[in-house]
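Participant: Listed below are the residues making up each chain.
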Amino acid sequence: MKTGKYLVLRRISQLGILALFLAGPVAGLWIVKGNLNFSYTLDFLPLTDPYVLAQSLAAGHAPGKKALIGAAIALVFYLLVGGRAYCAWVCPMNLVTDAAAWLRAKLGIRAGAFLSRSTRYWILATTLVLALATGSIAWELVNPVSMLHRGIIYGLGAAWTIVLAVFLFDLFVAKRGWCGHLCPVGAFYSLLGRFAVLRVSAARRAQCNDCMDCYAVCPEPPVITPALKGALRGAAKGIGPVILDRNCTNCGRCIDVCSKDVFEFGTRFGNRASKVSFNLADAKEVS
Amino acid sequence: MIGRRQFLLDAAKMAGGVGMLGLGVGLYARQARALPPHAIRPPGALAEGDFPGACVRCGLCVRDCPPKILDLSRAGDGVATGTPYFVARTGPCEMCEDIPCVKACPTGALDSKLTDINKSKMGLAVLVDQETCLNFLGLRCDVCYRVCPLIDKAITLEPQHNERTQKHTRFIPVVHSDKCTGCGKCESACVLETAAIKVFPVALAKGRLGEHYRIGWQETPR
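Chains E and L supply the protein sequences, listed in that same order. Throughout the first sequence, residue numbering follows my numbering, covering 299 to 585 in sequence. Throughout the second sequence, residue numbering follows my numbering, covering 5 to 226 in sequence.
Hint data in this document are derived by calculation from the structure and do not stem from the laboratory. The beta-carbon is built from N, C-alpha and C at its ideal position, and this holds for glycine as well. Careful, some of the hints might be misleading.
Quick list of in silico lysine to aspartate or glutamate cross-link-like pairs, EDC-like style, CA-CA up to 20 Å [as the list claims (entries may be wrong)]:
id, chain 1, residue 1, chain 2, residue 2
1, L, K107, E, D341
2, E, K363, L, D68
3, L, K72, E, D341
4, E, K527, E, D511
5, E, K364, L, D68
6, E, K363, E, D341
7, E, K364, L, D102
8, E, K473, E, D511
Label-pair restraints from in silico Cβ distances [claimed, not checked]:
id, chain 1, residue 1, chain 2, residue 2, range
9, E, I407, L, P70, 48 to 54 Å
10, E, F470, L, A38, 34 to 40 Å
11, L, L27, E, I407, 28 to 34 Å
The following block holds chain L by itself, in its conformation from the complex:
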């Protein structure tokens, strides 16, 4: 028999030791919630707050991805260990119509409610660098626009007067967030050394108006 004092001391020792471990893992888990901007989740992935609690890191989505663009994060990759992601620049989502990755997911971390790949929101393309984009320089590159699976919906070309030459038109690629799926075809195809158009997580890319703002020309008369 151990006395009460010894029992309490043993319990305190255990709680102290294991508490240290728990604290370390817990803080690491909070860090790991921040998805690096180059890592894009597969279609149908739950919001990044919910995903790490739902994904069991089995990799079935990776296995069933026909173009093999998905990968499971390895320890030290900077993405939560064992979770699936792809890098748009090197291998964008090919937008399979039957969405096999979502069908493969056993837990619902990839939401089976997503049945139309064109409605997926993997991320949002942003033309981040207007100084190097060839269309901004006045050329007709148009590659991002041409490769977009939702051409003329997710990316449109908006004609603008070219102030430099005073006689030409610039065709400015404009991404529409309500249509863009974040597949990453545009970033992958961008002809520059480093892409001028990049796919980011929606939360990172999108701004939000204050609740009290009214866009007058969109208001419906009461």
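If we strip away everything but chain E, and leave its shape as in the complex, we get:
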């Protein structure tokens, strides 16, 4: 599978954000302080993880102003770019699980446990109930995502064992097991994806030759089907070409790998099936 522009951009984004966080403690260049739970950029811009703040609220704490403003900024940003863009472009765990997925494909490991992709929402609900029941942000005691990021910046301790466990789970137990099925952080951010403005569109889906490359590379394959195949279910069904599923991470891998240039980044607006059925009619005329 070819590398492609968006994969490179994503790695630059992920590593660049890590570098910004590390520049302070490593080189004394204090641009960003803190970690992904809360950060303070240039002593001016607060950014709070809304999921952690939601747990803190559930635990019965009224957070300070700075934390609330930071969460509001993050919420607006992810409502625009798609909640799960966090997973593909920011989260350091993505480097680990992408590596596991890559190795899994290389080794040709196919078998795996069946997990429902909705498990993550059950876990998300459980973490909020736990916060309520224990009066503490309980999930933060074991959350592999924040443990990895905080660990890289403040010292890993035994957290590497949890990161390794996620890697091995994704490699041997379930394909895309962590990010695609279990992680409550991603589940929370996916809820923000319902209204995401920035979306991938299968704009030229008439050109699709069913090679399945996009399905093979996509971390959330079920999100592709309605947009890519919607028009084929007849004009009455008429699903537009924009991928509206909240779990699309906007990673752009489908754009990278499609040999027929079907996908492109666009907005969620003007998503009509008619334009494409028109194209289909064109295609039939030609053939």
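Using the hints, position chain L against chain E.
Facilitator: Coordinates of chain L only, in the frame set by chain E:
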């Protein structure tokens, strides 16, 4: 379409699996509430019951601590993962007057109502070992008393007759809980191999009289 039976079975399977996870994390969270006695929270920290629900584990207090004594707990440290603490013996609180750690906290886990560092209650110093304390042995060590930021208020030296020599005076260091901030300077400075005076969480160190007790010589006449 899935039938009602299948739907209920799926839901039960999910609830069972996720419930196990929740139970594990929940029990761990209860354990993690118990702060080990050597770990002291930064100044202004909410009571230990409220702190783990308020702290988002961002580490800004750690970053803004000028003497760099604060640390975020790592997984396996025995302190709730990602929360800030310091160890008095190796690095006591330097009692910065502007309290930058409290100012840095975005959530109020370190309470911004604390504006006078001398009023902080990080812990309480206790002279736990009277058998090794040099002052108890009759020497004039006095180091804990000398280094105390609230000398003669939080720690005083109380003269006592030395029964062993029959002619000297012992100067017994006495901690006063209403003044002690728990900064840990005394524990850090104690000259023994293992400190005789230690800072503990207040709840661990302090006794409490029964409600019905009256201290006659302190009673105000009605």
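Participant: Out of the numbered hints, which ones does the structure contradict?
Facilitator: none
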